[in-house]
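Participant: Below, each chain spelled out in residue letters.
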Amino acid sequence: MNLMMVVGPVLLLFIVLGFVTYAILFERKVIGWIQNRIGPNRVGPWGLLQTVADVFKLLIKEDIIPAKADESLFRLAPVIAFVPAFAVLAVIPFTEKIQFADFAVGLLYYMAISSITIIGILVGGWASNNKYALLGGMRSAAQMISYEIPLVMSVVGIIMSVGSLNLHEIVEAQQKVWFIFPQFVGFAVFLIASISELNRTPFDLPEAESELVAGYHVEYTGFRFAFFMLAEYVYVFAMASLTTVLYLGGWNAPFGLTFIPPIVWFILKFSLIVFFLFWVRATMPRIRVDQLMQFAWKVLLPLALANIFITAVFKEIPVIGKFY
Amino acid sequence: MNLTGEFVAFFILSVMAIGGAVFMINFTRVIHMALALAFTFFSIAGIYLLLNAEFVAVIQVLIYTGAVSILMLFGIMLTKHRDEEKGSIAPWHSVLSFIAAGAFFGIVMWIIYRTPIAGEQVDLKQFGVARLGEAVFKQYVIPFELASVLLLVALVGAVILAKKEER
Chain A
1 MNLMMVVGPV
11 LLLFIVLGFV
21 TYAILFERKV
31 IGWIQNRIGP
41 NRVGPWGLLQ
51 TVADVFKLLI
61 KEDIIPAKAD
71 ESLFRLAPVI
81 AFVPAFAVLA
91 VIPFTEKIQF
101 ADFAVGLLYY
111 MAISSITIIG
121 ILVGGWASNN
131 KYALLGGMRS
141 AAQMISYEIP
151 LVMSVVGIIM
161 SVGSLNLHEI
171 VEAQQKVWFI
181 FPQFVGFAVF
191 LIASISELNR
201 TPFDLPEAES
211 ELVAGYHVEY
221 TGFRFAFFML
231 AEYVYVFAMA
241 SLTTVLYLGG
251 WNAPFGLTFI
261 PPIVWFILKF
271 SLIVFFLFWV
281 RATMPRIRVD
291 QLMQFAWKVL
301 LPLALANIFI
311 TAVFKEIPVI
321 GKFY
Chain B
1 MNLTGEFVAF
11 FILSVMAIGG
21 AVFMINFTRV
31 IHMALALAFT
41 FFSIAGIYLL
51 LNAEFVAVIQ
61 VLIYTGAVSI
71 LMLFGIMLTK
81 HRDEEKGSIA
91 PWHSVLSFIA
101 AGAFFGIVMW
111 IIYRTPIAGE
121 QVDLKQFGVA
131 RLGEAVFKQY
141 VIPFELASVL
151 LLVALVGAVI
161 LAKKEER
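Read top to bottom, the protein sequences are chains A and B.
Heads up: the first sequence is residues 1 to 324, going by my numbering.
Heads up: the second sequence is residues 1 to 167, going by my numbering.
I should point out that these hints are in silico values taken from the structure, not numbers from a laboratory.
Every residue, glycine too, gets a C-beta built ideally from N, C-alpha and C.
Hints are not guaranteed to be accurate.
[Stated by the list, open to error] Some chain B residues near chain A, calculated using beta-carbon distances under 7 Å: (1) Leu-50; (2) Phe-55; (3) Val-61; (4) Leu-62; (5) Gly-66; (6) Ile-70; (7) Leu-73; (8) Glu-145.
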C-alpha cells in the first residue's frame, strides 16, 4: 500500500468540501443575478466567506433530538445518507491517472451505491416522528426509486456502444465523438432523471416548503442537518462528474486542443453541468406530485427504451453504425 | 491457516452478515428489523466481491439493499409501524426450535464435508460481465426468457388481485 492510497481519499474529501462551500455561494450568486439581485455580499469580499459563516453557524447550533424520536435511528440516518455520496466518487475517472478504483462494473456501482442514500432519507424522515418529515421521506423515496429506472435505462445505450461498464473504457471510447451527439435522447433522459435523483428544482418535491415545511429534515438541526445538505451537494459533484464522463467525453479535449491539460478540460465540462443545474433551479417552477410520477413512467421510461432500441438498430447500419 | 487480508475481510463480512441476521430476529420494532436485514444484504454483497463476482455483488446492492429494503420500509411505514412484537413464546418452543436449527446445521455441515469440491483453478479474467451476458443470452436464452415471462405474469397477477379488492 503506497502513500497515495491513504492521502488521496483525504485530499479528495477536502476538494469536495471546498467545492461544496463555493458551489453554494456560486449557486446563490447565479440565482441572484438571474433574479436581478446581487446575492450574498456581506461576509468577506464579494461574499466569499458567506458559506463558511453559514457552516460555522450550523456547527455551533444546539444539537436537538426530539423527545419522541427514535434516537438511535435519528443519529444514524445522516450517516447512511452521506457515506454513499462520498463512496460513489471512488470509481469516477477524473483524468487518465487520477482515479481511485478502476472497477470493472463502475457504472453499475455508482447506481447501486447511490440507492443506499434513499434508505438514509427514509429512515431520517421516519425517525423524526413528525408527519411532515415522514411524508417528505416517503415522497423522496418514491421519487428517487421511480427516476432511478429511466436513469439506468438511459445509459444502456452507452453500455451497448462501448461494450463495457467500466467508466475508464467509456471515456476512452469517446476520443472521436462524444456520446452526447449519437446518444442525444439518452442524454436528455439522463439529465432530467439525474436532476430528479438529486432532489433539485424542478423536482424538489421532497422538501417543498409550501406544502411540507421542509420535508424529511424538518426536525434536524446543527451538524446533522449540515450532513444531509452536504450529502446533497456531494451528489451534485458526483452526478456532474458522471455526466461529464458518460456524455461529454471526460478528460478528452475537443478539436484536438490537447495542449490544455486533461484535468482542466474535465473541470470545464464539469463546471458547465454544475452551472446548468443552478440555471435550471433559477428558472423552472416546481412540478406537481401527480405529474412527477406520470412523467417518469409515461415519458422518460418509454423514451429511454426507445433509445436502447434505436441504438441497437443503428449499430447494424453500415455508415452510421461506426458512431454507435 | 495463514492470516491473509482475504481471510480477515471474509471474517469481518461474515460476522456482519450473521450479526445483521441475529439482530433482525432480536429487534422488537419492525423498522429496525428491516434495517438489520438491509445490513445483512449489504454484507453478503461484500462476500460476493471477495469471490471476484463483481457484477453479482453490485446487483445484490442495487436490488436487495436498495430496492427490496426500501420496498419493505415503505410497506412498514404505510401499515402499523408503531406496533412492537410481544415476546409471548412458550419456553418449550424455543428449546424445540433450537434443536431443529441445530439438526439443520448438522445436516448442512455433513453435506458440505461429504461433497468433494471438484474442478481446477481457472483464470478469473475470463469470467467477466461479457462472459455472463453471453451465457445468459446465448446458451440459456430460453430459461431466461421463461423467467422474465414468469415475473411478468406475477406482476400482472398482483395488479389484478389488488384491483379486485377495490370493489
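Participant: Would you mind marking each hint as holding or not holding in the structure?
Facilitator: Hints and how they fare:
1. Leu-50: violated (15 Å)
2. Phe-55: Holds, because the Cβ-Cβ distance from Phe-55/B to chain A comes to roughly 5 Å (cut-off 7 Å).
3. Val-61: holds (4 Å)
4. Leu-62: For Leu-62/B, the interface hint holds, since the closest Cβ of chain A sits about 4 Å away, which is under 7 Å.
5. Gly-66: holds (3 Å)
6. Ile-70: holds (6 Å)
7. Leu-73: For Leu-73/B, the interface hint holds, since the closest Cβ of chain A sits about 5 Å away, which is under 7 Å.
8. Glu-145: violated (17 Å)
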